[in-house]
Amino acid sequence: MSTGHIDAPSATSDDIRDRSKQDSLAKLITGFQIGFLVVQLIGRAAQDLTITVLELNTLGIVVCSLMTSYTWLRKPVDVFRPIPIIPRGSIDDITGSRPWTNTPLDFVDENGPGWAMNIQPFMHMPVIPPERPITRIPNDRFPMNAYGNQEYLLCLATIIFSAVHVAGWNYSFPSRTEQMLWRISSMILFGITVAFWVLETIASWTRLGRWKLLYLMMFHHDQVDAFKQARSDKIPEVKQPTQLPLPWEFCTILPLALLYGLARGFLIVEGFLELRYAPADAFVTVDWCGFWPHV
34 MSTGHIDAPS ATSDDIRDRS KQDSLAKLIT GFQIGFLVVQ LIGRAAQDLT
84 ITVLELNTLG IVVCSLMTSY TWLRKPVDVF RPIPIIPRGS IDDITGSRPW
134 TNTPLDFVDE NGPGWAMNIQ PFMHMPVIPP ERPITRIPND RFPMNAYGNQ
184 EYLLCLATII FSAVHVAGWN YSFPSRTEQM LWRISSMILF GITVAFWVLE
234 TIASWTRLGR WKLLYLMMFH HDQVDAFKQA RSDKIPEVKQ PTQLPLPWEF
284 CTILPLALLY GLARGFLIVE GFLELRYAPA DAFVTVDWCG FWPHV
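Residue numbers (this note's numbering): 34 to 328.
None of these hints come from the bench; they were simulated from the model.
The reader is advised that the hints may include incorrect statements.
Said to hold, decoys possible - Restraint ranges, calculated between C-beta atoms of paired labels, are given here:
#	residue 1	residue 2	range
1	T234	C97	19 to 27 Å
2	L308	P117	28 to 36 Å
3	L214	G129	50 to 58 Å
Small disclaimer: the values here were computed from a predicted structure and weren't measured.
Idealized CB from N, CA, C, for every residue including glycine.
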């Protein structure tokens, strides 16, 4: 719309409501259940009652669920009334005759790579159908706006998720070995999460030319406008499906991902193993009257 290639859709309020009809009651019940768990764990901590690591595992997941529920408040469901978007010109007019690999609109997502369209072909794994253009973008990555704040918010959510497990540092475990393994695994989880976002940010800024832009802004400010114009006029390089934008990004993140999987797997298993010798007060409910005497 900002470039004049399409007109703003003439959507009515009925059209919007038709696309945002998630079950409000179900979302309310889910929010209440999640909120009750969080409040219950706070109460247990305040009364020095044991919080099991299984509850910590659950807490990390439900915190992310709260963020997901918030972002999906208006998520479209069962759409029956499509809104047609008719361009004013041809697809070549919109794309500027840019070369493409998957769809003529490949240039819209400047950052990449995606799992199904880049990583899987690179690893010679089963991929999406070979026909081009593809009819649907795989849902295997965070919706991308290279100049937005989405990835920063996702970074915050993943760091909170990993930090929740570190909170079990001094918890009681059936054996000293299990306690040490929990500490090591939780720190691996947290450290790899931070390292992933550092590497991903470095790679993202490299793909988008932000490092050079930062350098020019600091030392050659007179060249900033010319650099921005050159970036906007640049025709994206046509890459083969097995070609990654930054091979070093894959080579550094892959071992971290494998180590993350091992650590996360232990944390899940230990959540159930701990129950074989759980302290007695782990089965004691919170005395809410200690907070509200009249309850």
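Here's how the hints hold up against the structure:
no.	hint	result
1	T234 x C97: 19 to 27 Å	holds (20 Å)
2	L308 x P117: 28 to 36 Å	violated (56 Å)
3	L214 x G129: 50 to 58 Å	holds (55 Å)
Hint compliance for this structure: hint 2 alone is broken.
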